[in-house]
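Protein chains in written order, with numbering that gives the first Met the number 0: chain B, 0 to 355; chain F, 0 to 355; chain L, 0 to 355; chain R, 0 to 355; chain D, 0 to 355.
Careful: at least some of the hints might be erroneous.
The list cannot tell twin chains apart, which means a pair is met if one copy fits it or any two copies do.
[Stated by the list, open to error] Mimicking BS3-like on lysine-lysine, the simulated pairs with C-alpha atoms at most 27 angstroms apart in a straight line are:
#1 LYS256 <-> LYS167
#2 LYS202 <-> LYS353
#3 LYS167 <-> LYS350
#4 LYS146 <-> LYS202
#5 LYS41 <-> LYS353
#6 LYS162 <-> LYS256
#7 LYS146 <-> LYS58
#8 LYS249 <-> LYS79
#9 LYS238 <-> LYS214
#10 LYS328 <-> LYS353
#11 LYS27 <-> LYS320
#12 LYS167 <-> LYS202
#13 LYS214 <-> LYS353
#14 LYS256 <-> LYS27
#15 LYS167 <-> LYS79
#16 LYS238 <-> LYS249
#17 LYS352 <-> LYS58
#18 LYS214 <-> LYS350
#19 LYS102 <-> LYS249
#20 LYS58 <-> LYS79
#21 LYS79 <-> LYS146
#22 LYS256 <-> LYS102
#23 LYS162 <-> LYS58
#24 LYS238 <-> LYS102
#25 LYS214 <-> LYS352
#26 LYS167 <-> LYS238
In short, the hints are calculated from the structure, not lab data.
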Amino acid sequence: MAKDEPTRMHSEKAGMLPGALVHIGERKVENIRITIIDYDEKTFQERVVENIDECLAFKETPTVSWINIDGLHEVEVIEKIGQCYDFHPLILEDIVTVGQRPKCDEYEDYIYIVMPMLTYNWRTESIESEQISMILGRNFLISFQEKPGDIFDRIRERIRTAKGRIRKMPSDYLAYSLVDAIVDNYFVILERLNENVEDLEDKLVGEPDKTVARKILDLNRQLMYVRKSVWPIRELVSKLDRSETKLISKHTRPYLKDVYDHTIQVIESVQSLRDIMSVVLEAYVTSISNRLNAIMKVLAVIATIFMPLSFVASYYGMNFKEMPEFQLKYGYIIALGIMAVSTIIMLYYFKKKKWM
Amino acid sequence: MAKDEPTRMHSEKAGMLPGALVHIGERKVENIRITIIDYDEKTFQERVVENIDECLAFKETPTVSWINIDGLHEVEVIEKIGQCYDFHPLILEDIVTVGQRPKCDEYEDYIYIVMPMLTYNWRTESIESEQISMILGRNFLISFQEKPGDIFDRIRERIRTAKGRIRKMPSDYLAYSLVDAIVDNYFVILERLNENVEDLEDKLVGEPDKTVARKILDLNRQLMYVRKSVWPIRELVSKLDRSETKLISKHTRPYLKDVYDHTIQVIESVQSLRDIMSVVLEAYVTSISNRLNAIMKVLAVIATIFMPLSFVASYYGMNFKEMPEFQLKYGYIIALGIMAVSTIIMLYYFKKKKWM
Amino acid sequence: MAKDEPTRMHSEKAGMLPGALVHIGERKVENIRITIIDYDEKTFQERVVENIDECLAFKETPTVSWINIDGLHEVEVIEKIGQCYDFHPLILEDIVTVGQRPKCDEYEDYIYIVMPMLTYNWRTESIESEQISMILGRNFLISFQEKPGDIFDRIRERIRTAKGRIRKMPSDYLAYSLVDAIVDNYFVILERLNENVEDLEDKLVGEPDKTVARKILDLNRQLMYVRKSVWPIRELVSKLDRSETKLISKHTRPYLKDVYDHTIQVIESVQSLRDIMSVVLEAYVTSISNRLNAIMKVLAVIATIFMPLSFVASYYGMNFKEMPEFQLKYGYIIALGIMAVSTIIMLYYFKKKKWM
Amino acid sequence: MAKDEPTRMHSEKAGMLPGALVHIGERKVENIRITIIDYDEKTFQERVVENIDECLAFKETPTVSWINIDGLHEVEVIEKIGQCYDFHPLILEDIVTVGQRPKCDEYEDYIYIVMPMLTYNWRTESIESEQISMILGRNFLISFQEKPGDIFDRIRERIRTAKGRIRKMPSDYLAYSLVDAIVDNYFVILERLNENVEDLEDKLVGEPDKTVARKILDLNRQLMYVRKSVWPIRELVSKLDRSETKLISKHTRPYLKDVYDHTIQVIESVQSLRDIMSVVLEAYVTSISNRLNAIMKVLAVIATIFMPLSFVASYYGMNFKEMPEFQLKYGYIIALGIMAVSTIIMLYYFKKKKWM
Amino acid sequence: MAKDEPTRMHSEKAGMLPGALVHIGERKVENIRITIIDYDEKTFQERVVENIDECLAFKETPTVSWINIDGLHEVEVIEKIGQCYDFHPLILEDIVTVGQRPKCDEYEDYIYIVMPMLTYNWRTESIESEQISMILGRNFLISFQEKPGDIFDRIRERIRTAKGRIRKMPSDYLAYSLVDAIVDNYFVILERLNENVEDLEDKLVGEPDKTVARKILDLNRQLMYVRKSVWPIRELVSKLDRSETKLISKHTRPYLKDVYDHTIQVIESVQSLRDIMSVVLEAYVTSISNRLNAIMKVLAVIATIFMPLSFVASYYGMNFKEMPEFQLKYGYIIALGIMAVSTIIMLYYFKKKKWM
């Protein structure tokens, strides 16, 4: 869905009371699902919980608690979390209102991060967007997804198996891992778009058909959608990195710089693809003109050869009885000769002009 | 009205004396209408007043007083307010001069905010603009509208019913609510423009007609008008947020950041729409060329098939009596054969070239 | 005159000695004319002086002295002023060299401001430029114009009649008034250009004629000329406002901010007009292509209808005696029938393709 | 290879565990090759080592040690170096992951630099990229190449022969020399691309053929690839120069400024070439239109001459017996006369219109 | 020579040893020529010297010494100066390497300035570039030119005749004078390019011929070349002005600001010309399309008139004996009538459509 969803969402919201917590967006799952992973270097537990109250117990433990919520339509759950952790009401509103611009808001005791995760839908050949929110606190991370996804599974696996550094690091490293996973996913989108652009280029060198115009329009919309999504992520990561909050430790900062470099790379790739697209579009216009030239050449060649021929034939079809050629025995041989000469001259002319 | 109103307004003003308070702009209401809402967490009163003097009584009360004035043509009223509250003369001039660039000017005891509110006129398919001015003081907010509108009704309703936080917050939160309502309204405009762009896209993939050029021109003017309006609003909100004035409390600032994010979203959506429009325009040019190609193919096919046929027919219409074919009993069968072969060759050629 | 005058002026100067005071530019008046207005809140006098020496008497008076000089070709006068007031030689050079880039240079005791005043010449439909220089000192303002103009008459009138604040304010407010008058004049130009663009738009929707291309080129040059003039004025005003000089009092600064907003508005309007112009140009290209399509449709329709008809006619003009149709009594009815059917098929085809 | 390699690399990586050291990229050599050059002003030794352990001995010597590793697929070697010198794990990941964005990361005791080296492959007419990583420490420089290359041979030669300043300077000058060699190589690429653009220009003035569109697309991709590579190098060098690290001595900084100037020159040249390319593309479109005009002129001339002629001939081919011309003895002379006059008029008309 | 010389120069250099002083660039004079002018307010001497050693005597005199060297190929001379004055080796390299990006490098005791001087070659209609280097010290200025030129002659004349301020000012004013002379020269180039653009505009409104495309390409290259040259000069002058070096006195700074304004004017003029060029290019494309339309109209008119006529003639050329018209005495009058009516209808149609 590369259409301008945020606009529509906001336009819906324009008629509502600010302050009331209402889920704005498509409902993508039947029931919300809450999972909690609690770990430090030595301990680890993972649970699917029925009731949000079970999570709240982990609030004060010194271990890192990662609460993940799939589905945003049960606003009471989100309101309860908000009350328990004492989050600013604007955060709760943003979580349940799909179509947020990626941003990070720093508060005294926690950081709110919201960003879209894009996935390429191979069936519809379109880009789908899901809003991911995270709240990072001293020893917890709460993440909100519109629907269950497998993008964070690798991180869960790493926590379970204690691979890499993740079990030894505080909650900010977990937040980095999530952001990194989302940004890395943009490269998958970009690779697909790049393939589409290359397909288009090959088509243009061959014989472009009717679908090309549609494809150019679609690819442009998709590129603009990715750009619009990733540009603010760059600001977000940069702001996180420059932030003086104590929630982000000195050890995690180099990793944030790394994510930052990746977002820059995504932006540059999108920009390159857009530049290439504009040349592709120009090349498409050119190819249409070239085909017109080809058509006109055929028409010109045919007309230029047969018009004189037809004239000669018509000429000798005139009904004057006194025309001298009619008196000659081989008059019609003369006519044939004129036709042949005219044709040869024309063919020579076209060869020279490279029209044939 | 997406025409360049500010320019015209200023051009009118170029011939006037600075310093004199003159209403410059269309008079949109018969009589001006003054309403006052005075509230704090516990008390609330609302009145339509006949005479501006009634309002002045609220000046020194500790409650929040919201004076709203619909209609700008009675400059004496505005002058009176100016004298009573001791506003800078430039502010009064700006209030009555329609076509101001959105801005906020900070003075010691009050902040002046002016911004356009856009509404989409469905009947004329054009964007209409109304200038909203606000003066925010310690415990009052004075707002000026060109004509009565329903955009602030929801805020009034919330104050009356004490819903949300508004009754508990000082006057700066009220100012935020007004600005937020105006900015949220831009999303409605954008959604409509987005629909128009999509309509245009669909038309181009189908059969574009004569009105397309006009629609492209109009949509462009409208997009540029929205952009020109919203761009300075971004500065305005950002300046309000960064300002060190005591008039804006710490608690209101996160809300200003939120409005700021929304203006950024409006700007980005406008930019996306403009980018898409430029591709749409390009696609329109392409579709014209494509149709030219289609026309030329038909012409070329017809000419290429019938020119040789006509030549053969003319050839055998020559009046030489000695032509050998005329001697043969089935000469005309030969002629028919030549015609048939030429036609088949041509048809085969066109099939191969995909012109048919 | 929207041509690149500064370039020519400089190119002339490239061959001269720096340091020598030479008037570079067209001589627009026969004789220079010096007027002096001297005022404070209570006193007022106005004189046309013959000799510059008369002005110098006002140098040390505490009243505000406004010396205005129309005509730049008598360099001795300007040199004399320079010596009397001890101005930097570069200032004198800049005053007499037409084509300066708008700027303000701060010196210890005075500020030098130079900016172009644009006027729209209705007869030649071109923009004319005049260089205005001002030197603002503690209690004087010296202004230099290329020729007498009526743009400052309203300010003189206000001083005479003591309207507005001007008589109560120091010389910096007078400088502001002059700059404001010049900037307000840009809106008149813009309104005229906007009308021209709208005329062009209407022409394109109707039937564009040969003059359109010329008008597009001219309007573009004019827009670029206005932009080039106003862009540095923005810097100029901004620099004046941010300057820490004591020559500009606290009370005048809000007025400078106001002028600044106006220059921004001029810039944005020029930018909008340029954007609209680029779409207009695109629309013009499109309209040419559309007309080509219309022409080609007529040609294709005519050719496609008459080529088969002519072929059939030619066919039955062949001189084979054994052709079976000739034997039939109503053979020619058959021929007529074939023609009619072919025509009907073609007409139906064109209707379906909407070529007719 | 001007395709978007980094994107693909990242997309591959999206599925992997961060933290694991895996070589991502094409394996370009059979075996990795480690060389070490150790020098100061007086001493010099150079060795190809079999085992990385031999290098580690040089870690603490006061002489400058340059360890160069060709081939990135043996991650154990790189891990060993990392452990020995205590490098941050992110650096090791970046070294073995081809497709890094050029950057320099400062750590306390060392600086990590990564940048692509471009070479023009004359056979495939494409640009090939190789990732070069360097780690600069107090008295060592470790460089990593994907495959052995000759670009650093001149630097080795200078060290061996003690030419220039290199033997007298610390390790930062060696790092500068390597960066300088890589940047200088960009000029070779640019010269080749400039030649290609000029070839294209000449082709367009002559007779453009079918391959032009393909060449325009390819050159654009290559220009964008160079731009994307060199733009971050500018940041890199600028960051190195501004850095307050003690690893870069005061004497080396002017040289860094020099490299910086060169990168700016590369960027400006790329930009110029892109601007020229866009004009070239426009010129190509123009040339196609011009050729269409030429074709249409021929068609129009032929049709305009022969259509009236054919009509006259057909006219006198009508079978009415009462037509007066048939009664005249020299009726057919009249017919001939009409044809001649019509042809002469048409030819005159075309001469005047310059169509012939 | 508007080709990308720096690129070629660098590409040549890529294969050389840094540190070795080698002249890279075309050798433009036979022998180098050294002149020295030594002056203060009272004394003056001027000499052409054979041997560089003669100059060195002036090093320590308190008077201003201006050493000018024409020709860069005798590197020993430049090396000798370098040793005597103790210049940084990078400066010497830059002096002899043509194609430097304009820049100024500040060292403790001297400032190095390098910038290109452009001249318009009227014979080849191309822009020629010459590299000018200057080293400004406390009481000396050393300038290096590729070949003798007359651009500095006016400055020499002023020094000789003690006109203007130059003899009273220190060496920094001399440096300013040289830079000013070079920048003023850009206006000469711009005026010529402006004339070329206007010629092109006039040609397009008239009848554009084949050379137009070539001229557009050339003018674009030249404009880009000027822009590329002047843009860094702006930085250079700005850096000089902002510099805190004691080598530039307070009195010279206003003059630097003046040069800065001139470079800004050059940049803005180049930008304007480029914008106009892009409209001119668009207008050229439009004019081609317009001419195509004109051609097609003629073709369509001719075909539309004569096709029906020819058909009617062919129709009555059919050999059916029973056709009723043949029986009528004035059947051919009917045929003539049909033809006349058809022609009149068509002519009326074309008049209405304004095709004729």
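Hints versus structure:
With identical chains, the CA atoms of LYS256 and LYS167 are at most 27 angstroms apart within one copy only, with a shortest distance of 20 angstroms there and 35 angstroms across copies. In this assembly of identical chains, the alpha carbons of LYS202 and LYS353 lie at most 27 angstroms apart whether taken from the same copy (25 angstroms) or from different copies (15 angstroms). In this assembly of identical chains, LYS167 and LYS350 lie within 27 angstroms of each other by CA distance neither inside one copy nor across copies; the values are 78 angstroms within and 70 angstroms between. Taking identical chains as interchangeable, the C-alpha atoms of LYS146 and LYS202 are never at most 27 angstroms apart, the minima being 37 angstroms within one chain and 35 angstroms between chains.
Taking the closest pair of Cα atoms, LYS41 and LYS353 never come within 27 angstroms of each other, the shortest separation being 80 angstroms inside a single copy and 71 angstroms across copies. Proximity of LYS162 and LYS256 under a CA criterion of 27 angstroms is satisfied intra-copy only: 22 angstroms inside one chain copy versus 39 angstroms between copies. Taking CA atoms no more than 27 angstroms apart as the test, LYS146 paired with LYS58 passes inside one copy only; the shortest distance there is 24 angstroms, against 53 angstroms between copies. In this assembly of identical chains, the alpha carbons of LYS249 and LYS79 lie at most 27 angstroms apart only when taken from different copies (25 angstroms versus 32 angstroms within one copy).
In this assembly of identical chains, LYS238 and LYS214 lie within 27 angstroms of each other by CA distance neither inside one copy nor across copies; the values are 36 angstroms within and 42 angstroms between. Neither within a single protomer nor between protomers do LYS328 and LYS353 lie at most 27 angstroms apart by alpha-carbon distance, with minima of 40 angstroms and 43 angstroms respectively. In this assembly of identical chains, the alpha carbons of LYS27 and LYS320 never lie at most 27 angstroms apart, being 91 angstroms within a copy and 82 angstroms across copies at closest. Taking identical chains as interchangeable, the C-alpha atoms of LYS167 and LYS202 are never at most 27 angstroms apart, the minima being 52 angstroms within one chain and 58 angstroms between chains.
In this assembly of identical chains, the alpha carbons of LYS214 and LYS353 lie at most 27 angstroms apart only when taken from different copies (21 angstroms versus 34 angstroms within one copy). Taking the closest pair of Cα atoms, LYS256 and LYS27 never come within 27 angstroms of each other, the shortest separation being 34 angstroms inside a single copy and 29 angstroms across copies. Proximity of LYS167 to LYS79 under the C-alpha cut-off of 27 angstroms is restricted to the inter-copy arrangement: shortest distance 22 angstroms between copies versus 30 angstroms within a copy. For the homomeric pair LYS238 and LYS249, the shortest alpha-carbon distances inside one copy (15 angstroms) and between copies (21 angstroms) are both at most 27 angstroms.
For the identical chains of this complex, LYS352 and LYS58 are neighbours neither inside a copy (84 angstroms) nor across copies (71 angstroms), given an alpha-carbon limit of 27 angstroms. Proximity of LYS214 to LYS350 under the C-alpha cut-off of 27 angstroms is restricted to the inter-copy arrangement: shortest distance 26 angstroms between copies versus 38 angstroms within a copy. Within a single copy, LYS102 and LYS249 get their C-alpha atoms as close as 22 angstroms, and across copies as close as 20 angstroms, so both meet the 27 angstroms cut-off. For the homomeric pair LYS58 and LYS79, the shortest alpha-carbon distance inside one copy (13 angstroms) is at most 27 angstroms, but the shortest distance between copies (41 angstroms) is not.
Taking CA atoms no more than 27 angstroms apart as the test, LYS79 paired with LYS146 passes inside one copy only; the shortest distance there is 20 angstroms, against 43 angstroms between copies. Taking the shortest Cα distances, LYS256 and LYS102 sit within 27 angstroms of each other both inside one copy (17 angstroms) and across copies (11 angstroms). Proximity of LYS162 and LYS58 under a CA criterion of 27 angstroms is satisfied intra-copy only: 25 angstroms inside one chain copy versus 31 angstroms between copies. In this assembly of identical chains, the alpha carbons of LYS238 and LYS102 lie at most 27 angstroms apart whether taken from the same copy (9 angstroms) or from different copies (19 angstroms).
Taking the shortest Cα distances, LYS214 and LYS352 sit within 27 angstroms of each other only across copies (23 angstroms), while inside one copy they are farther apart (36 angstroms). Proximity of LYS167 to LYS238 under the C-alpha cut-off of 27 angstroms is restricted to the intra-copy arrangement: shortest distance 25 angstroms within a copy versus 32 angstroms between copies.
In this structure, the hints that do not hold are numbers 3, 4, 5, 9, 10, 11, 12, 14 and 17, in rising order.
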